[in-house]
Amino acid sequence: MPGKTIVVTSGKGGVGKTTSAANIGTALAMHGNKVCLIDADIGLRNLDVVMGLENRIVYDIVDVVENNCRLEQAMIRDKRYDGLYLLPAAQTRDKTSVTPFQMKELVDELKNEMDFVIIDSPAGIEQGFKNAISGADSAVIVTTPEISAVRDADRIIGLLEAEGLRDPEVIINRIRKDMVDRGDMMGIEDMIEILAIDLLGIVPEDEGIVVSTNKGEPIALNDKSKAGEAYRNIALRIMGEDLPMMKLESESFFSKFKKLVGLS
Amino acid sequence: MSSVFSFQAVSDGIVMNFRDGSTFGSIKKAVTLHASEASGFFTGVNLYLNLSGLELAYEQLEELMKIVRNYKKVNKIYFTARKIKEEKKVNINKSKAVIINRTLRSGQQIKNQNSVVIVGDVNPGAEVIAGGDIIVFGRLRGVVHAGAGGNQSSQVAALKLDPTQLRIASSIARSPDDSNDSSEMLPERAFMNEESIMVEKI
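Keeping their order, the protein sequence lines are chains A and B. My numbering numbers the first residue of the first sequence as 1 and each following residue consecutively. My numbering numbers the first residue of the second sequence as 1 and each following residue consecutively.
No wet-lab data here; the hints were simulated from the structure. In this text the structure is predicted, and so the values were computed from the model without any measurement. From the three backbone atoms N, C-alpha and C, an ideal C-beta is built for every residue, glycine too. Check before you lean on any hint, since a few could be wrong.
What follows is a set of in silico ranges between Cβ atoms, one per label pair, in the way DEER data are often shown [to be verified]:
| hint | chain 1 | residue 1 | chain 2 | residue 2 | range |
| --- | --- | --- | --- | --- | --- |
| 1 | A | E161 | B | E184 | 37 to 43 Å |
| 2 | B | N151 | A | E161 | 26 to 32 Å |
| 3 | A | M179 | B | M198 | 39 to 45 Å |
| 4 | A | E113 | B | M198 | 36 to 42 Å |
| 5 | A | L236 | B | I202 | 52 to 58 Å |
| 6 | A | V210 | B | E184 | 52 to 58 Å |
| 7 | A | D223 | B | G150 | 45 to 51 Å |
| 8 | A | P2 | B | N112 | 43 to 49 Å |
| 9 | B | V119 | A | G164 | 48 to 54 Å |
| 10 | A | F101 | B | M198 | 23 to 29 Å |
| 11 | A | D223 | B | R102 | 25 to 31 Å |
| 12 | A | R80 | B | G150 | 45 to 51 Å |
| 13 | A | E161 | B | N112 | 34 to 40 Å |
| 14 | A | P2 | B | R102 | 45 to 51 Å |
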């Protein structure tokens, strides 16, 4: 049975597409799945850096479509999980180097080998986005509790529907319970009401993301991180498990106090 | 005679190019001689007289017209002023290296079949591919491929050698995953030692 292909997209930039793709892929591989991550952001590749695999790149996706190498040669095996692969984007080329048709062929070939193919989409709605969605049979939309991100997510849902990708699911990223409680940030219910799609997960704001990104180690590997737990839960939901949504904790007075005096 | 003009074949005839700096007297003499001796060469073709770079007085032009009328067998005679294609010099000045006077940033790529010298940094995400050596007067943090045509004696040198990936001929090396990133400049060079890539201080 061919694997599932999922595009991670958002419209707006900087909401956490690449971070989400890296962590979902890692968490899926953690459960023994064969996963291939595809970086569709040609010219502005990042997924390799977030995965800590940049120095292993010899061939990339453009080399594959231009027949400079075989697909297996371009796929980089992750340094932590044997079942996890990355197909990196080219950095010295642009989005027009690959057509949606070529992308679809590539993804179709990959999904026969893999349990999951996760495609990291670039920001925007132009050619790069069209390439990224062309091979996918389902979509995950990443958004943050900001009106601009939600607006863009809504636009993307419309575009996905037009392309025949129905019922996308949403990840709400960088949510802060304390701000929601104060009424300074949109709540989850408000956002779901606007977008009217299923919620795949909520990821709390976490400083650890910056650290893990810079180190090239997805936060899903970190047992202590709340965001890492959120991504592991998302992976389980993608695998078909019915998990309740994470309870968001606002920072307790005690933890705030510890931070204040520099204990944690 | 040949020092005054030269011939060049075009699709429908012959161009007569007058050499730069020829005096009208020498032109007159040479063309008169050529027309009387070799007019039969140009049977049925068009003759283009290329005056490019030549200044003729009215009388001189009239005189020249009279002379070229002696090319009786040509089809038509034109006066033109086209540019003379410079003949390719056989001894092309072979420069052994290109010099790049700037920092290469992510996504920028330099490809050259000779050696490449970069006066500046090579940032992560930038790529240098050279048939010969690669020398970086700055920090090398991107991907470099020296001896890309298979030359195993190529080397890579930098004031700070910290590449994402370093390739020489068909060998690949990468920095260790836990490399400590000191900002100290320490000139190093990388070269092939039998089957593996070695790095040493310069």
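task: Could you check the hint for me, namely that D223/A and G150/B are 45 to 51 Å apart, CB to CB?
output: holds (48 Å)
field: Cβ separation of M179/A and M198/B, checked against the hinted range 39 to 45 Å
entry: Since the Cβ atoms of M179/A and M198/B sit about 55 Å apart, the hinted range of 39 to 45 Å is violated.
- prompt: CB of E161/A to CB of N112/B, is that within 34 to 40 Å?
  reply: About 49 Å separates the Cβ atoms of E161/A and N112/B, which means 34 to 40 Å is violated.
- request: Note whether the CB distance of E113/A and M198/B lies within 36 to 42 Å or breaks it.
  value: holds (37 Å)
query: Do the Cβ positions of E161/A and E184/B conform to the proposed distance bound of 37 to 43 Å?
result: violated (55 Å)
- prompt: Is it true that the C-beta distance of R80/A to G150/B lies inside 45 to 51 Å, as the hint says?
  reply: violated (35 Å)
message: Taking 48 to 54 Å as the stated bounds, is the beta-carbon spacing between V119/B and G164/A within them?
response: For V119/B and G164/A the Cβ distance comes to about 53 Å; the hint holds.
message: Looking only at beta-carbon atoms, does the pair V210/A, E184/B fall within the given range of 52 to 58 Å?
response: violated (26 Å)
field: Consistency of beta-carbon spacing, M198/B to F101/A, with hint 23 to 29 Å
entry: violated (45 Å)
message: Given a hint of 43 to 49 Å, does the C-beta separation of P2/A and N112/B actually sit inside it?
response: holds (44 Å)
field: Beta-carbon spacing of N151/B to E161/A - inside the hinted bounds 26 to 32 Å or not
entry: The hint (26 to 32 Å, Cβ to Cβ) is violated, given that N151/B and E161/A are roughly 55 Å apart.
message: Tell me if the beta carbons of D223/A and R102/B are separated by a distance inside 25 to 31 Å.
response: violated (46 Å)
Violation of the numbered hints given earlier is confined to hints 1, 2, 3, 6, 10, 11, 12 and 13; the remaining hints are satisfied by the structure.
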